[in-house]
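Quick note, the sequences are listed as chains A and B, same order.
If you're matching positions, the first sequence starts at 1 in the working numbering and goes up one per residue.
If you're matching positions, the second sequence starts at 1 in the working numbering and goes up one per residue.
Everything labelled a hint here was simulated from the structure, so no lab data went into it.
For each residue, glycine too, the CB sits at the ideal point set by N, CA and C.
Do not take every clue at face value.
Some chain B residues well away from chain A (every beta-carbon gap over 10 Å; in silico) [claimed, not checked]:
1) E50
2) K117
3) R159
4) A267
Pairwise CB distance ranges, derived in the manner of DEER restraints [claimed, not checked]:
5) A/V439 with B/E276: 44 to 50 Å
6) B/T249 with A/V26: 32 to 38 Å
7) B/Q147 with A/L38: 21 to 27 Å
8) A/I24 with B/Q293: 36 to 42 Å
9) B/A169 with A/L38: 27 to 33 Å
10) A/V439 with B/A175: 43 to 49 Å
11) A/I28 with B/T249: 28 to 34 Å
12) A/A67 with B/K304: 51 to 57 Å
13) A/A67 with B/Q215: 30 to 36 Å
14) A/L432 with B/Q293: 40 to 46 Å
15) A/L440 with B/Q215: 56 to 62 Å
16) B/P294 with A/L38: 26 to 32 Å
17) A/A67 with B/T249: 35 to 41 Å
Computed list of lysine to aspartate or glutamate pairs in EDC-like fashion (alpha-carbon distance at most 16 Å, straight line) [claimed, not checked]:
18) A/K49 with B/E251
19) A/K49 with B/D59
20) B/K281 with B/D207
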Amino acid sequence: MPELLSSLFVANPAGLWALLTLLIPVMIHLINRSRGRLVRIGHIELIRKARKLQVTEIKLTQRILLALRVGILLLLALILAGLARPGLFTRDQATIYVTPTWLKTTDQHAIDQLFSNTKNGTAAVVVLEAGFPQLEESRVNTMRGTSTGSVDSVNVNLSNINAVWPLLTERLSLVRHEGPISVYATDYFQQFGVSRPALPQAVEWVISHPDMTPIAEQLSISAVVAHDDDRSTDAALISNALRAIKAHRLPGLVWELVNTDQFDIAQVDADWLILLSARPVDENILAGINAPTVILTDAGDGAHGGDTLPVKFPFFPFTSFRLNRLGALVTDKQAKDQMLIRSSAGLPVLQLTMTGTARWLQFNSRFNPDWSTLTEQAEFPELLLQLLLPASQQISRFPDARIEPGRLDRSDEDPLAGQPLTHRSLQTVLTLLLALLWVLERWLSERARTRSGQRQDHSLDAA
Amino acid sequence: MERFIDTRTLARVKDMPLIARTVADGFLHGLQQSHQRGVGIEFSQYRSYEPGDPLSRIDWKLFARSDRYFVREAERESEISIWFVLDASASMSQRSIRTQTGKWHRKQQQSHPSWSKFDYARHLLATLSYIAQKQGDHVGMLALTSQRQQLVPTGSGERHWHRMLKHLAQVRTGAMFPKPELVRTTISRLQNKCLIFIISDFYEHSDELLQFVKQVSAGDTEVVAMQLQCEDEVNFPYKGAIRFEDLETGEQLLVSAASARSRWFDALAGHQQALEQSLRKLQVGLCRVNIDQPMDKALFSFLKNRQKLQP
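All chains, please: the whole structure from these sequences, using the hints.
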């Protein structure tokens, strides 16, 4: 029962303010039984007779009525607050979830140990993949074989890895676990996925460290760097950064340098377009082309300012670069733009605009060292990669990345935190209970009133 | 002294004959003429004979002298004294709640001061004694508490009435109704063959009031018990928690008025019934007066009831 009560939650916490109304009947009750007004009468004996009789019954009735009224208001408050039980189904036994990566990479001894632990109790072993199949001892080898192709292989293709964290979140929000929950996983970062929303219930993580070599997925990304004649230096610096990215992060990256005189923007056929040109870019043309997913432009010629502005990277807070000159803004649609980097004076340095399906990044300076020292920073290739590569593809950049088990329970970076969980509403039950209490209260109240009235009439008749 | 007289009351009842069951003993002349002759019959006036008058009442000697029919009318001289016994115990200080607490009640009290039972009793006494003395009856007064007994012997005339009211004004409430042994000597001074009005709330701690009634109602004495009640006793209008305090003993009881209300009516009805039975055994008439109702109305209905009781 305490576990059941502690697992309840309210969908609309503001409705709990209605609990203050509980004070009303309680205060009325307390006021009524306070010291009272002084009335001098001639014969206390009659009062004693009036008080002696039925006083216990009246007190009991009043206390029951008070309890009923408090109960009615409490139920009303809980209905307003949307009291609910988390999960659509209840699972009262201990549950062990295993990730497919763990299942594929662990040895037979560990699996035998897992099942020997569960035999004593009633724990169920569930695989964290679509459909949440239950892992039975007799079918372990089959499931390992069908999942990996070969149990002996320790190489796992990253493209086949499920994002188990969202699956676990979904599972825990659908099924209310009353027993303990354990998750067996490897420490490979890829299996958890990019998004890690807060888990509705606490879980015990059992992290293994298998010796395996995941096969990174080859991302084939093409890029075009188009530049004016006077910006060949800028293009060369960009090209160097792309070379570093290709060497260390994206082996499948290819790019070409073209002159804007021989370049038709409408004909571009590449994933990334880096346009280093003094000519202003027509937004309508950008919106019309579909091939590039990311477009990066720099400032035109209309530069202003000679001040040296220190600018910090939001992604790398301990380094900064100098900004000697700022260009005129290519677009002034500030409202729909997202400022990624501002100068310390608050001027826009890098802003993001969505044009059609593409992301348009406007760098309000140039990559030339005379304008900014950005390209001289060691972090520049990494910054460029983070800007150009969509978040869903970034996970593949680190095929051998591990996760610290201690950070698994942290949910402060969770973008989905605070979203309502799947729950089973108790409003029907509460409403039925409310109706029952209301009928009881009416009956008892009416009974007390009628009896008092009859007695009074009888007394008057007698008088 | 006239401050005890309610002029509205007098305007309505002073010409009304006060009829006692002892009319034969000559308390007041009533609606029915007495044929009794002898001591105490006093000539009043002649009037012309009207059809229906008994022939025996025609004064034949006057007819012989004047050759006209005259009927001789006579007035009875009272031989019975009227005693007013006033219960001056502390419980007579009770008054309706609207005069007790609250701003609104205080304002109401200033504009419409209401009486306690004792105030009402003094006015009632003054009014009845006025009527009696106007008709030439002897009136006397006895105010009783366990600590003090004030007696004004019977007498007639307006001067006596004024002296009685002077004593009445000095009477204060306090303590309880005296025990029978305390009033034995005083009771012996009440004359036989008299009419005694006992004005009280008839709340007693043992049976001191009934013992008193029993003692005074012996012999040819007629006793009328006038029980004073206030509106709050009749309707029990209290709400919420009330701390009731006994005016005589100071005992307090905390009561939830709503829960006690129905039982109050039972208890009050039981008390009234017991009182009625006890008085009936003693052949004492009981008249209940609501002190929050106009006094003239109460007197009118009282005198009318007595008229019905006339044998």
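A quick look at each hint next to the structure:
1. E50: holds, 47 Å
2. K117: violated, 7 Å
3. R159: B/R159 is indeed farther than 10 Å from all Cβ atoms of chain A, at 35 Å.
4. A267: violated, 4 Å
5. A/V439 with B/E276: 44 to 50 Å: holds, 45 Å
6. B/T249 with A/V26: 32 to 38 Å: Distance hint for B/T249, A/V26 holds at roughly 35 Å.
7. B/Q147 with A/L38: 21 to 27 Å: This hint holds: roughly 25 Å between Cβ atoms.
8. A/I24 with B/Q293: 36 to 42 Å: At 40 Å between Cβs, range holds.
9. B/A169 with A/L38: 27 to 33 Å: holds, 29 Å
10. A/V439 with B/A175: 43 to 49 Å: violated, 56 Å
11. A/I28 with B/T249: 28 to 34 Å: holds, 32 Å
12. A/A67 with B/K304: 51 to 57 Å: holds, 56 Å
13. A/A67 with B/Q215: 30 to 36 Å: violated, 57 Å
14. A/L432 with B/Q293: 40 to 46 Å: violated, 55 Å
15. A/L440 with B/Q215: 56 to 62 Å: holds, 59 Å
16. B/P294 with A/L38: 26 to 32 Å: Holds, at about 29 Å.
17. A/A67 with B/T249: 35 to 41 Å: Once the Cβ atoms are compared, 38 Å apart, the range 35 to 41 Å for B/T249 and A/A67 holds.
18. A/K49 with B/E251: Holds. A/K49 to B/E251 sits at ~14 Å (cutoff 16 Å).
19. A/K49 with B/D59: violated, 67 Å
20. B/K281 with B/D207: Satisfied, since the Cα-Cα distance of roughly 15 Å is no more than 16 Å.
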